Structures are given as C-alpha cells and as structure tokens.
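Asker: Protein chains in written order, with the working numbering: chain A, -19 to 146; chain B, 8 to 495; chain C, -1 to 626; chain D, 55 to 156.
Warning: the hint list may mix true and false statements.
[As the list claims (entries may be wrong)] 20 Å max Cα-Cα, derived DMTMM-like pairs, lysine to aspartate or glutamate:
#1 D:153 <-> B:165
#2 C:357 <-> C:445
#3 D:142 <-> B:165
#4 B:164 <-> D:147
#5 C:357 <-> C:493
#6 C:372 <-> C:450
#7 D:153 <-> B:71
Hints in this document: simulated from the structure, not taken from any laboratory. Model, not experiment: these values are computed from the prediction.
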Amino acid sequence: MTTFIIVLCLVVMVGFAISAAMLRSMLKSAVSLAAMSAALAVILYMMGAIWAALFELSVCVGLITVVFISAISLTTPDRRDEAHAADHRRRFAALPFILIALGAAIIAVLVYTGFSLPLPGEEAVAEATFNQVFWQTRQADILGQILMLLAGAFAVVVLFKEGKKI
Amino acid sequence: MSAGMEFVLLTFMGLPLLMVLLNNLLKKEIAQKICLSLGIIAGIVQMAAAVFVFASLKAAGQTEADFSQFWDLGVGASRFSVDFFSLLVLFCIGMVITAGFLTAGKTLGDKKFNFTNLAMILLLGMNGIALVTDLFSLYVFLEITGVASFVMISLNKEGDGIEGAFKYLVMSAIATVFILGGLAFLFMQSGSLQYGDVAAALSDWQYAEQPALLIAGFVLVLVGFSIKSGVMPFHGWLPDAYQSAPAAVSVILGGIVTKMAGVYALLRLTADIFVNVPVFNQILMLLAIVSIVLGAVAAITQTDFKRILAYSSISQIGYILLGASCGSAVGLIGAMLHFFNHATFKTTLFVNSAAVEIATGTTEIEKLGGLQEKMPVTGVSSILAFLSTAGIPPLAGFWSKLLIIIAAWQTGNVFIAGLALFASIFTAAYFLRLQRCVFFGPAVEGLEDTKEVTGGVCLSSLALSAITVGFGLLFPALLLFLQGQGLI
Amino acid sequence: MGAMFGNMAAFMTGGSGVNLLWLMVVLPVALAVLAVAIPRHAFAARSACFLAATLADLLLAIALFIAKEGSMLLRWTDFEINLAFRVDPFSGAVLLALGIFAVLVAIYSVAFLRRKEKYGQFYCYYLLTLAMANGAVLADNLVVLLFFWEGLMVTLFGMLLIGDRQKPATAVKALVLNGIADLLLMLGVAATAAHAGTFMMEGISQLPIEGLGVLGFVCMMAGAVGKAGAMPFHSWIPDAADAAPLPFMAILPAAFEKILGIYLLVRITFQFYQMVPGSVMSIVVMAIGAITIVLANSMALIQKDIKRLLSYSTISQVGYMILGIGTALPVGIIGGLFHLINHVMYKCCLFLTAGSVEKQTGSTDMRYISGLGKLMPVTTVCFLTAALSISGVPPFSGFFSKELVFDAALESGMIFYIAAVLGAFLTAASFLKLGHAAYFGPLRLPEGVKTEDVKEVPGAMLLPMGILALGCLIFGVFNALPLSVIQPIAGEGYDFSGWPDNWTLVAISCAVLLLAVGNHLFGYRRTGEGLKAADHIRYAPALRTVYDCAEKRYFDPYDIIMQLIKGFAWICYGIDRAINWVYDVFAVDFVSGLSSRLRLMNNGSVGRYMAWSFLGVGFIVLLCLFLV
Amino acid sequence: MNVLSIAILTAALLLIVTGLYMLVRTYNMIRIIIAVEVAMKAITLLLAYAGWLNGQTALSQAFVVTIIVMEVVVAVVAAGLAISSFRKNGDVDIRRLNKLNG
C-alpha cells in the first residue's frame, strides 16, 4: 500500500513538474510547483518523516507559493507577448519526450542490473526522535538557519526598500 | 585546553553576531558613522584570535580543538572545531574582511550600514565553512555565504550588480542541487554526514553494496563545489559577479568568498574525506590544469581591470586545486599556502582596482594609463602582487607554486606539472598587459589630475604587500618549521 | 633545525673563540646595504658609513694577518660543497693589502665624488666588491671561490654601468671578456676538482700537470690571468678608463683585480699544481707575460689620454708579474709578488693623480692640458715618485722588483729577458712623455677652464696619494720590509732584500733608462712638444702600419670575437627567424585567438554558462566511467 | 528487485532533469527560480529517502527542515533580484542580462 501511494505521488510530482515547465502562465507554473510540494509532503509522510512533511506543506506549499505569486504579480509586463508564448511552447515541446526516453532508459538500466536498495529491518532503525536529533545534534544547522533568516531579512531590506524611490 | 581559549574560539562565531546586533541596536545615525569600524574590529580581532588559538594549540601540543563552551551536544552531533588549516583560513578571512572594510569607506556612500550587516553575516558564513565538521552543516553555511554575497553584489542597484548577482545565484543554485544530490547519495551509504563517517564509508568504496551510488555521490559533490569555486568550464558566473560588484564587495568576494565556498571545501574534501578515492583526485587534477591554462589565456584579452583579476583568480584557483589533487602532504601544504598567498595578493589587486576606480571612476584599462606616477603606492603594490601571482622569487607566490609543481611532478604527471609551470608565462603576459595599460606609459587625457587614494585603501594595499614580501622572505623559515613538524 | 643552528653557531665562532672570517664578507655587505638605505642627501652620513666599513675591514684584515691562520666550515650539502673559509700567511697578507688599498681609495673617493650623482651606488658597489674580494681570498672551497669570483664580475659590471648608463657598451665588453675568463675558470675548477677528487682547496696539493690536470691548469690559469687583465683579456680596461669614475680605475683594474688574479695564479701554480721550471706550462705562462709586457707597453707609448695610457701601462705591468711567476723560480715568484705590491701602490697613486687632474681641469686628455706642475705641486710630486718607481729608477720600489724579475727571466731564457728589458724601456719612455706633457712644459688648459680655478686638490685626496707615493719610496729603500712577508710564500731560506746581487743586470737596466731619456730628448727636439716625444716610434716605417691597425682596433680580441660572433649570428639568423616565427606569430596568434574564443564563450547569457557547465558535467561523468 | 527504489531514483532524476532543462531553456527569471525549486524538490525527496533507507529518519528530517528554510530564503532573495531587475529594465527577461560578457 505504502509503495503504491508513494509511486502514485511520484508520478503526480513528475507530472506537475512538466506542467510547471510547460504551462505558459507563470501563475499556473507556481501553482504546479505548490502541487508538487504537496505530493512530496505526502511521500515524506509515508516515509515517516512527519515533521518534514509538515514543514513542506506549510512552508513550500504555503509561503513559497505566496512569494512566487506576489513576485509574479509585481513583475507582470505591461503588454502580453503572443510571439513569446508561442516561442515558449516550442522551446519546451521536447521536454516530455526527453523525460519519457530518459525515464525508460533509467528504469531499463536499473532493472537490468538488478538494482535494489532494501529497506532496513525494524531493529536497525535509530531510536532517536526528531526532537532529540534536531535540537541536540544539529545545533550548528540551527545557528545556520538563524543566520540565514537574518541574511534574508537584510536582503529584503536591501532589495525591496529603496525600490520605491525609483 | 584552557577556558580562555574556549572563549577565544567563540569569538569566531560570536563576535560578528555581536557586531550585527550592535549595528542594528544602535541609533541609525551613530550606526552609520561607526559601522565600518565595527567590521574592521571584527576582522582584526579574528586575525588575532586565529593567531592566539594557533599559539595555544602549539603550546598544548594539540592539532585541533572543539568548541565545547555553551555547547551541550549529543552523540554524532555536528560541531565546530578548528585545526591548523582552519586557523590559516580564518586568518585569511579576517585579513580580507579588514581590507574590504577599509576600502568600503570611500566607495559605498550611504550603503555602509547594510554593507556592514551583510558583510558580518558573510563573515559568519565563511567562518562556519571553516569550522564545521559535517557536510550538511557545510552546505548550510555555504548557502548563508552565498545569499549574503548575492545581496552584497546587488547592493548598488543602479549598476550591473543585479545581473551579476542573479547569474551567481542561478549557478550557485545549480551547484547546491548537485552538492545536495551528492550528499543524499553519500548519506544513503554512510548514514551520517560527519567528515569522519563519510570518509570511513568511502574507505573501501569499491566493495560497497552499491558503489554506483557512491560514485554518483562524489561526482555530484565534486561538480557542485567546482561550480562554486568557478573552475573552468563552470566559471561563467565568476567574472560577471566580480566585475559587477561594488569595489569594496569585490575585494571581499574576489579575495576570499568564492575561495571559501568552493576551494576550501574541495581542499577539505580531498584532505579529509575523499582520501581513498583516487578518481576524485584525478578528475580534480584535470579540472585544475584546464583552469590554470584556460583561465590565464582568457585573461590575456580582457579589457576590464576587475575582469582580468577574475580570470586570474580562475587560473590561481587551478593551482590551489592542482596542489590538493596530488594527494600528497607536499601538495596539500602547497595548496594551503597558495590559498593564503592568493588571498593576500588577489585582495591587494582588488584593493588596487578599487583605488583606481575611486581615483578615475572607471576600471576599463583602455581608458586608463600612466597612473604609476600619480598613484605610486597602488602601482608598486600592484607590481608586487602581480610578481607574486606570476611566481617570481622571492615573493610569497613563488614558494607555494613551487611546492605545488613539485607535488604534481612527484605524482608522475610530468606533463601536467610542466603545463602548470608553462602557464606562468601567460600569467606574466596578462599582468604585464594590465600593468602597461593602467600604470605605465603616458597619462591619458582627462586623468592628469588623478591623485593617490589615501586612507584605508592605501593602508590595506601597503599592509597586504608587506605580507606578500615578508611571507616570501620568511618562507624558508616556514619550510624548516613544517619540516620540523614532520609535515613534509 | 636545532642542529642547523648549532652548526651555524660553530661556524660563526669557529669552534673556539670568535671567528672573524665571516665578518670579512658579511660586514661590508651589511654596511653597503646600510649606506644605500641612508637617504641620498645625507652625503656625510653615507660617506661615514662607507669609510667606517673599509676601516673596519682593514682592522679585521690586520687581525687576521697577525693571527696568520684560522678556518671555518659551514656544511650545507653532503657532497663537499661547503662554505669553507681559511686564512694562511699568504692570504692574510693579501687581505691586508686589499684592506689598505680599500681604505686609501675610499678616502680619495669620498673627496672625489662629492657633489656627484650616483655616488651612493658607487659606495654600494665598492663595498660589495670588497666583500667579494675578501670572500674570494678566504675561500677554501673551489665552488665558493667561483661564487665570489662571479660576484666580482657582477660588481664590476655594476660599477661600469654607473659611468655611462646610456651606452653600456664598455660594461658589456667587460662582462663578455670577464665572462669568458670566468667560464674558463669554471671549467678549470671542474677539471681540477675531478682531477683531485675534492672541492676543498686544502685537500688539493701539488697535482701533477698531466691528463685532466692540463685542462684544469690551463683553464684556471686563464681565469686568473684574465682577472688580472693580461692579454688577451685586457681590452676592456682602456675603454673602461673613458667611462668609469677614476676611483673605480684605481681600485678595480689597478689594485683589486691584479691582487686577486696574481693571488689565484700563485695558488694555482704552486699549491694546486706542481709547475716545474722549464716545463711547457712554465713557458706558456712566461710567454703570456712577455707578450703582454711588450704589446701593452708599446700601446701605452702612443696614448694621448692619461687614463688610457695608465690603463695600458697597468696591463703591461701584469706581464712582469706573470713572467716572474711563470719562471717557477723562487726569485721569479718573489719578484712577481713584490712587483705586484709595488705595482698596486704606484699604479693606484698614478690613477689618483690622474683623478686629481680630472677633478680640477675636467679632462685627462694631454692634448688640452699641460704644465700643471706649478698649479698642483703636491700632485706632481706624487706623480713623479710613482712614475720613477714604475720606470724602475733606483732606489724606488719598482726598480728592486723589476730586477728580481729580470734575474729570473734571464735564467729562464734570453728572449724573455729581452722582452722584459724592452718593456722597461717603453715604460720609461711613456712615463717620460706623460710627465713631460701633463705636468711640465707650457701651461695649457681645456677651453672654459680658468687658470685661477685650477689649484691643488683637497687634503682628503692628497692624503692617499701621499701615503702611496711615500710607500713607493719606503718599499724601495727598506725593501726588506715587504720582502720579509713575501719570501716565506716561496719557501724557506730565501733572502733577496737589499741591493740586487747581479751588478751586470743593474748596469743594463740603468743603461736602458738612460736610453729612454735619450730617446725622449731626441723626440722632443724633433717635434718640440713633450706629447709628441714618442712620435718617431709611432710613425717609424714598419711600426706605422701596425699602430694604425691597432688604433683601428684590429687587434682587439673582443672585437675579433665579436666579428666571429657576427658571422656565426648571420648563420643562425635564418634558424632564429624560423623559431621566432613560431614564438612571435604562431604562439601569439594562437594564444590571442584562443583567448578571443574563450571571450566569445562567455557571452553574458546565463543559459550559455549553464550549458557549458552541463557539458563539463557530462565530460566528468564520461571520465568517471573510464577511470572507475 | 525493489520497485520503490527504482521508482524513487528514476523520479528524482527526472525531476532534476526537468529542473535543469527549464533552467536552460526559459527566458523568464521567475521561471528560473521555479526551476530551481523543482530540482530542490527532487533533492528533498532523495534525502528523505536516504534517511528512510538507513534508518536515520530523524536525521534526514532535520536535514529536510533545514533545507526548506534555506530554500525559502534563497527563493525570496532571487525574487527580490527579479523584482529589482524588473524595476530597472521593465521586464524579467534573462536575455537582457548580458551586459557583462567577454
């Protein structure tokens, strides 16, 4: 059952990725990305990574989509460019075929070589919970996250503030 | 280990953070005035701290020290730790940051405040890269360094900064994808991303369950860090980013940032992690020699001061990586010393380009000429730095290049060593062209009233030139010391 | 590291007590650096530093001369190429001589160079030359010797460049000729070391001149003789006289190079190798000496410039020394060395008087100056003393040393004696001409120089000249003084002090001198001018053509070599063009073309950058498939 | 044979290729950021899968959470650059960013 759901979600992800690439509307691309993230959240949940799934849902589906949509609305060009749209379709026309060929090739190679990565037995799974691991062993990363958020804040100050004057 | 030393260790992460807080908590008017001093203090204290920790470690007979004050870490935690190489690098970072802040006074106008904030975050990011012992934490600090430098490049939104920053961002994002992909594959096999654990997992990688995954892992990591360090053919973004950055930012960026983000990480990888993976070293050596030669060749016909320096950086990065890829102690030490030397002379040159830009308003060499008499300090320090880059004895660059080429020779790749030696001619060629166009010859019309830039810019180019010359002259002593340590 | 410092400490102290040897080299170098470091306008400070250096060197040399022996060794490689210094009575005496002349000329130079440009460079090169010369004398290892020898060549080149930076032809000429001599020396050192099986000079003793030894001996001798300026390595000296400052002429070609060359020649012929009187080698050396004497003197006779005349005379006097040493007889060796000491004194003195003349009148060309005797009496007296000494008039020093050389030459072969006597005649004639033309006769000065401006030079310049002139007299009258130092070098039990034993020779010498005076008077009567007193020889039927050719430099070995090289170069030209094309056209075009391609590759589009990166990734992956 | 491992690896690779293809072929700066995000999704997937495979779920979750935070900030900065570029040039066409070359 787990396998089935994960594979289904994977297919959904690849599908939305293609739509994110090929759809002409930026808004629809952003929404496709959000859908991808949602599918990924399901996969994460199925793999037992509950916190990660939660973050993926809240941040990637929520926050990043908001960021994209506001960025898109702020950068809408004054004129619609039909030639550009046609050009866009032409440039991405090859993508699905490439992906199908590549996917088939990869699957063929992996199956042919008998590739397999067995899941660990129950006893091999580490006991530690996410809380313990995250707060006690990843303090460097937490410091890094704080710094990153600080950097983001300064970036917003620099990149957005003075723009109003222009 | 003494308690005092632990506090000193904390300055590497604590002091810049404190400076950021100070800068933002102070009144805006006061902060505008003193923010650059904060940065200079942070840089100088960092250099002093690096020297102090080095002396303490030597005195205690240790080779590395963990941060244990205030850190209650679980088993297998990602922690900060310093060894001699990190200390050397931390010293370089402090040096370049100081030079950058000294340059900033004349170039940034009202952007000093934001510059200080971002440069301190950048400093934290770079220090983090030097201190971490976990590949994932390395990625985290890489990303911090990256974000801070994107914003700093585009600090001056009127110019081409946005373009350079965006190109850097895109290439850096690709690099991140590759690095993280590689880490994921390595993580599958090792179960941890601590340097030691990954090295252990790779020690007999041919016999692992799925060697293909490990190969994919280290190839992706290699590619990612190569993009970050701007090795040919992954170099496209580097000249653009350097050229478009404001003068003070390009000092920091060209002097240390890209070296920390890419080259330092690659050195760590070859020295600590991929020790038993000869393929890694072979590919790296190939990339290195391509960068050395093509970087130098490409620099020959450039027309912008900073762009020449950028291509020269690509070439010099090649030398560092060539040393690292030899897999011997001599090569690694040569690479580390060249890292230090490169930070010194390339910062000098970027400071000089900043001085030229301040004095004349342009960095295009066709519009410049005859500045030697008008700007003697800049001209002479530029000559010194360029001689050191080209590896002319007895300047510092000569010795480290010598070690690298000896190491390459010892690996049996005589052809590559010869090519690396031969590329010095190109180095001399592009720098002579630069020197001739900018400093020698008759003064170009409109530049008759040019004056030497005084203050911090002048001071930093003098100090850095002194380091280049002094280090070159003291090098035999250093070599004896290393010999005494049994390192070579 | 510790071991190295221990080694260093032992090196500096020589094991027991303070060892002065290394100071002899390091001190002048250090003070040279200091002298340059002092600002240019502080003439007094720089000069004080300069004088202090030479004085300190003299004191050290005296200490070493008294100590008579000492050695030191800094081991730096496994195969015998060590920094080894040694001093023995001979080298102690040579060091002392170097020190004395260095001090005297230094005092003179300070006064001479006042208000001249580039004096700082001169000081620096002077002290470096002193250090190098000390090192060369002290060296106890052939490689170390070679090092300091080459160092001398470099400082020589530098000093010549001070004179005329725009036209470095003279400096290049000196460099080429000295370079050839040094190359020969290098070859000789290699052959000698191979022959002896060691580089350490103390281990090389009395090698037979056979097999490899012939090569070693001939080449080393050529190097030594070349440094001393004998023919055919002489031709840069007269040219240098035109270009370089006069103190340079007094210290380098006149003093240091002679001392060092003859020092090495003695070392080679009597320590390293075993030269037997009458052997082929002995005759070769004597022949070089004899030819040098005659040819250089005959050139000296016709010169119209004081400096050039002195230069040729310098070359000719080397001939006497080489002739004396070449006889391999004790009397010849002692005579040669004694002549060396005397020569350095009077020739130094003569150059200094020429310098005084130049300082006051701005010229040394005898066509424009004449009758300075009344204006510069002290200089004239010094000149006279030195000229009498060089002409070999008793009881001045030159007479005694020349007699010893005559004695040895007669014993080795009549032809050498005749050459030596002919040389004595020509020497006397040329100095009669010089003295008569420059100092006596009617007063004449170059245009624009007023008579009242020409007066005696300052005391600091007179002092060295006076001391040297006095030395010429003292070493003649009390010739036991210098001979007591020189005689032990040739062996035990020789005593040639006092009046010469062979009265016949003395009589012949005196007759030759009188003949020279007669000749001069004859010439003077015919032309009525002191300067043209030698013209009857210059324009004598057979000699006229030879002299014409000589004045057109047909006999200059440097020019002959240059002609040969030009011919060779012409052949090489074609090959060179082809190679040049590869460098200039092909390589530059190729590189700049490649560079432009790389510029096109970076066209500013981030998509292009990514494409290149992905190509790189693909390449790496392919590579990986091959390598793994 | 394990369907899951093949499926996940294949999907991750396809996602990365899609992302990189988008990066190269698109002219829109915003879409470039979306492309990077697409590739990052694949990385997140791989890391989570790696943790699941070797039983270090907690550690891999810690990684994923950190990556998400990093990703957001990078996206914000990139969007900020795109908006600045838009304010300067009037559109977000990457082809306009070719002043720096050579």
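Asker: Now, for every hint given, state plainly whether the structure supports it.
Answerer: To see whether the hints hold, each was checked on the structure:
no.	hint	result
1	D:153 <-> B:165	holds (13 Å)
2	C:357 <-> C:445	holds (15 Å)
3	D:142 <-> B:165	holds (8 Å)
4	B:164 <-> D:147	holds (17 Å)
5	C:357 <-> C:493	violated (43 Å)
6	C:372 <-> C:450	holds (12 Å)
7	D:153 <-> B:71	violated (47 Å)
Against the hints set out earlier in the document, violations occur for numbers 5, 7.
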